[in-house]
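K.L.:
This is what each chain is made of:
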Amino acid sequence: MTAPISGSEEWQPSDLERNRRIERRRKTRKNGFIAAISSVLVLGTFAIVLVNSPGWLSLRDTFFKWAYGVEVLPKIILGFTTNLTLTLVAGSSVALLGLLLALVRTSRSPALTPFRFLATIYVDVFRGIPMILVILLIGFGIPALQIPGVTNEVLILGTIAVIITYTAYVAEVLRSGILTVHPSQRAAARSLGLSHFQTLRHVVLPQAIKRVTPPLLNDLVALIKDTGLISILGVTDAVRAAQIQTAKSFNYTPYVMAALLFLAVTIPLTRYTDRILRRSMERQNSQGLT
Amino acid sequence: MSLSTSALLSVRDLRKSFGSELVLDGISFDVPVHSATVFIGSSGSGKSTLLRALNLLEQVDDGVIELDGEEITAVAVDSDQVRRKLGMVFQAFNLFPHMNVLENITLSPIKVHGLTRDEANERALALLDRFGLREKADQYPDRLSGGQQQRVAIIRALARNPKLLLLDEITSALDPVLVNEVLLTVRELKEEGMTMVIATHEMGFAKQVADQLCYLHGGKILESGLAADVIDRPIRPETREFLARVHSAGRL
Ligand SMILES: Nc1ncnc2c1ncn2[C@@H]1O[C@H](COP(=O)(O)OP(=O)(O)OP(=O)(O)O)[C@@H](O)[C@H]1O
Ligand SMILES: [Mg+2]
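Residue numbers (the working numbering), protein chains in the order written: chain P, 1 to 290; chain Y, 1001 to 1252.
Treat the hints as calculated values from the structure; they're not laboratory data.
Treat the hints with care, as some may be off.
[As the list claims (entries may be wrong)] For lysine-lysine, the following BS3-like pairs were computed, each having C-alpha atoms within a straight-line distance of at most 30 Å:
#1 P:K210 - P:K65
#2 Y:K1085 - Y:K1111
#3 P:K65 - P:K225
#4 Y:K1111 - P:K27
#5 Y:K1085 - P:K27
#6 Y:K1190 - Y:K1207
Computed from a predicted structure; not experimentally measured.
When you get a sec, could you build the whole thing from the sequences and use the hints?
P.N.:
In structure tokens, the structure reads:
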């Protein structure tokens, strides 16, 4: 039983509490001030050192020629849409396949034994091969087979290579998440009458996925970047588009523009996911000021 | 500024709300050294919130908590320093599942209080010995019974030599037999002069250990005094009703 705040208009914090609040605010302000000063000092020093270094002028013209950068930007953006599409397609396939693989590898069912075995081999193999090799093998190897009915479209083959490699990574991350959920959680769920699958679906996976969200996000960011690798197959993505421009002008600003495009996606994504994660933690843990 | 000279813990006008729910509404009490103060009250009356506030796990909206003559609600206070003087035992044990009993107990003495591993182990083993848990020292918490886990949690709190022990419904997750073994442990501590603040649903136990019993209701201490007085001769109708309910639930 708790009293509703019926008299909340009447309640006024005591002088003591008011002072504490003022002091707390002062402390926050002081911390903000210290952060600002230290940032200005550190970043300012960096900037000054950079601008005064001997090669600065030629560096600026070769890498940061903004007018030229803006001129080629539309072409690079056009290429970048390929990276984004690839990320979406590969990302969702990887999520699905990785989860399936993780479930197979963590299941105890005897019927799944051969699949468990195959899944283990798959993960071992494709986690251990550099992705660029997988891309080359599939992107150039499959067309060389000349199997009728199988596509020779490099974009599709490149995407498949990316999916194959990332599924192996993501499956392992998910599997480790599933394994770290405390067995008492399973016991509690099963004693509530939930089936093995229901337990996975409602109790184990939600906790596991929450726990591995940071490493999964890490993989997603890596995936976005690694989509640039399929440019070696001749797909015109942002990297390839920039390369074409650079080859014409011998100026490297297009590469910098491409880099900025990647950052424009990865940084907000990281911040956004961080925020969601923090919020869901705050909602669940009422452990106060620890 | 000291609110009360002889008290180890002094609480004045403590207030805490969660959103629009006022949980603590002007709580004041003193806990003299070597005494036990017991809080009773129905579920959701704010007992845990109060204990968590005493341990600085909750920031209060108003009021003062003084521990050992120091105002621990002050903004400048280092809560880690304050917690060195406090031991807290939770309803759900909260033992670390990835450490064995000995590691659970010696973690804080080694990492926080700067004991060597040998000193900490020696002290932990002596405590385990005293409470009949010596042979469980290298077991993991999951392998222990609830009562054993809770006694390990108490030992974990004791191993740091706290000045004040906060016990939050430490028996409500246990069956009656295990309840007894845990309560016996607490009674022993009481006889040794440990100062304690306890939240409980066990009226019999409350009667045995309480020097001061407080009934929490509607965010306020509605009635307080000697345990026998409050339990056997309650004045307020709310207290009487609460006790009647407890009585019919067979916990008296
Ligand atoms: N972090 C929180 N956020 C919002 N409300 C909370 C939070 N912690 C506690 N409460 C609310 O405060 C009230 C008091 O809770 P508290 O846990 O202190 O009760 P209690 O007396 O310990 O109950 P019990 O005997 O069941 O343990 C409850 O209504 C609870 O819902
Ligand atoms: Mg409680």
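K.L.:
Does the structure keep K1111 (chain Y) and K27 (chain P) at a Cα separation of 30 Å or less?
P.N.:
holds, 28 Å
K.L.:
Taking 30 Å as the top limit, are the C-alpha atoms of K210 (chain P) and K65 (chain P) close enough?
P.N.:
Not OK: K210 (chain P) and K65 (chain P) at ~43 Å, beyond 30 Å, violated.
K.L.:
Please work out if K1085 (chain Y) and K27 (chain P) have their alpha carbons no farther apart than 30 Å.
P.N.:
holds, 25 Å
K.L.:
What's the verdict on K65 (chain P) and K225 (chain P), does the C-alpha distance respect the 30 Å limit or exceed it?
P.N.:
With Cα atoms ~24 Å apart, K65 (chain P) and K225 (chain P) stay inside 30 Å; holds.
K.L.:
For the pair we were handed, K1190 (chain Y) and K1207 (chain Y), check the Cα-Cα distance against 30 Å.
P.N.:
holds, 13 Å
K.L.:
With the threshold set at 30 Å, check whether the alpha-carbon distance from K1085 (chain Y) to K1111 (chain Y) stays at or below it.
P.N.:
Given pair K1085 (chain Y), K1111 (chain Y) holds - Cα atoms ~15 Å apart, limit 30 Å.
Hint 1 from the list above is the single one not met by this structure.
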